[in-house]
Amino acid sequence: MSSEVPGHAVVLPAHVGGPHAAYEALLENGVLGFQACSACRSAIFPPRLRCSACGADELTWRASAGRGTIYSTTVIAPRGREAYAVVLVDLDEGYRLMSRVEDHAVAIGARVAAELSPRGGSTLPFFVPEGGDR
Amino acid sequence: MRREWELRGRTAIVGVAESDLGEVGPGITSLDLAEQAAGRALDDAGLTIADVDGLFSHSAFYGMPTVTLGERMGIRPRYSDSTATGGSSFLAHVRHASAAIEAGMCEVALIAYGSNQRSASGGLVSSGQNHLPSYETPFSPRLPVSAYALAAARHMYQFGTTRRHLAEVAVAARRWAQLNPAAFERGELSIDDVLGSRMVSTPLTVRDCCLVTDGGGAVVMTSAERARDLRQPTVHYLGGAEAHWHVGVSQLDDLTVTPASESGPRAFELAGLRPADVDVVQLYDAFTINTLLFLEDLGFCDKGEAGDFVSGGAIAPGGRLPVNTNGGGLSYCHPGMYGIFTLIESARQLRGEAGDRQVAGARVALAHGNGGMLSSQVTVLLGDASTI
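Going down the list, the protein sequences come from chains A and B. In terms of this note's numbering, the first sequence opens at residue 1 and continues consecutively. In terms of this note's numbering, the second sequence opens at residue 1 and continues consecutively.
I should point out that these hints are in silico values taken from the structure, not numbers from a laboratory. Each hint should be verified, as a subset may be incorrect.
Said to hold, decoys possible - Chain B regions said to be covered by chain A (calculated; three or more residues, Cβ under 8 Å):
1. 139 to 145
2. 149 to 158
Unchecked claim - Label-pair restraints from in silico Cβ distances:
3. A:Ala77 with B:Pro133: 25 to 35 Å
4. A:Ala77 with B:Ser126: 16 to 26 Å
5. A:Ala39 with B:Ser126: 33 to 43 Å
As the structure is a prediction and not an experimental result, all values here were calculated from the model. C-beta atoms are modelled at their ideal positions from N, C-alpha and C, and glycine is treated no differently.
Just need the whole structure built from these sequences, with the hints factored in.
In structure tokens form, the structure reads like this:
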């Protein structure tokens with residue numbers, strides 16, 4: 001039965017606060033976390049207290065494999081600075097993240113993989129083309 | 001229990017006005033513009049502050065918007081509503097006011113807005129700021145434009161929509177603006193101009209993005225019964241509907257289908273109308289993709305077909321469907337929350353006072369507001385006396 005819940009089980013670091021603090025603590029430990037509902041099996045992101053698909057108070061933290069497909073992409077070219085691509089990634093476990101991808105030319109439908117990197121005092125999931133330089 | 005469709009025709013817009021628009025310069029506040037628009041709308045209706053007992057407002061510049069505006073204008077309302085759904089707020093206010101008037105909770109509703117964002121900051125001043133953790137801003141999307149760009153990119157991928165289709169929307173808006181003396185941008189604009197302009201967030205160029213202007217607007221509503229004794233031709237409220245599913249664009253499941261696909265059909269059902277009955281359409285065009293998405297979601301064409309629907313000047317003056325006859329947020333005015341102007345232009349078209357841009361025989365108008373990142377969608381249908 002538990003195999004139907006997306007992702008795999010993960011133990012939270014001790015003494016975390018609310019759902020956002022838990023997400024950040026998992027990232028610090030090298031885990032891209034998301035929540036899954038034990039009642040309806042939905043994958044849930046961003047973090048929250050109750051399942052937003054069915055309302056049940058049965059969310060558990062899961063670890064994502066960090067692999068997914070580009071849902072949409074936009075390249076932003078600030079004047080006088082290097083262009084970068086902001087993407088929406090559909091993770092294989094069934095949830096969506098906004099992120100950045102190294103390759104500007106990455107197309108909708110392309111496969112990508114997460115790399116957790118420090119940025120501005122916290123750890124964030126960035127993406128690279130799957131099979132690319134990891 | 002009463003049914004919502006019973007509101008059809010029971011209330012009316014009896015006064016509308018803009019404040020000074022464009023770039024008002026230093027020394028004039030957002031509250032000044034809201035007060036100016038509100039005063040002019042009451043003058044338009046032949047009413048005074050003593051008549052107003054319901055006050056509706058939203059602002060990106062000051063908290064407690066109705067409380068702030070009430071003190072400024074000397075209005076002490078018994079019904080107060082600062083519903084804050086971004087640029088769509090003022091259309092939500094119309095629906096709420098209609099219910100409140102019918103329920104006897106107020107008799108004369110004043111809906112008002114003002115923003116001096118261009119003079120104050122030179123850029124968008126958003127009403128959507130909060131103090132919560134974000135799962136988007138760490139990746140530096142240029143919001144709001146990147147959110148709409150992601151929707152446009154997905155629409156192009158799924159349906160073969162092109163940048164030329166998007167440019168058609170900008171050019172149509174400019175051609176209407178050339179007929180509106182109050183419009184901010186009235187110079188010539190071609191498809192190639194749009195395609196060749198500076199890219200902001202692919203596939204959207206600066207000409208796919210709305211203006212950054214100052215401006216305010218106001219709408220006065222009362223019962224249809226009282227409206228008969230007032231000076232302006234009556235603009236009846238026929239139906240309205242609200243929908244929102246998400247706040248951040250990453251949480252909209254299908255970026256090609258917005259909550260307008262709920263608000264539109266509900267509003268039409270309440271009004272007893274179909275898209276084919278609409279004579280003039282005002283859509284919240286913060287970006288060119290909005291117009292395509294809303295034409296589809298509101299039922300003016302099938303999903304995925306809006307690019308073809310707007311091609312060849314089809315929504316420009318002389319086209320098959322008059323859309324954004326004031327020039328829209330793209331060419332007329334966009335102070336950050338454009339929704340009030342969809343209502344003002346709808347009323348002017350139904351009153352037959354739109355000058356060179358008047359749509360002949362306009363009886364039914366659709367006003368549609370958007371807030372956030374395609375988040376809040378509100379549709380309002382209005383009609384002249386012949387629709388009752």
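Check your understanding: Does the structure break any of the earlier hints, and which numbers would those be?
Key -> As far as the earlier hints go, not one is violated by this structure.
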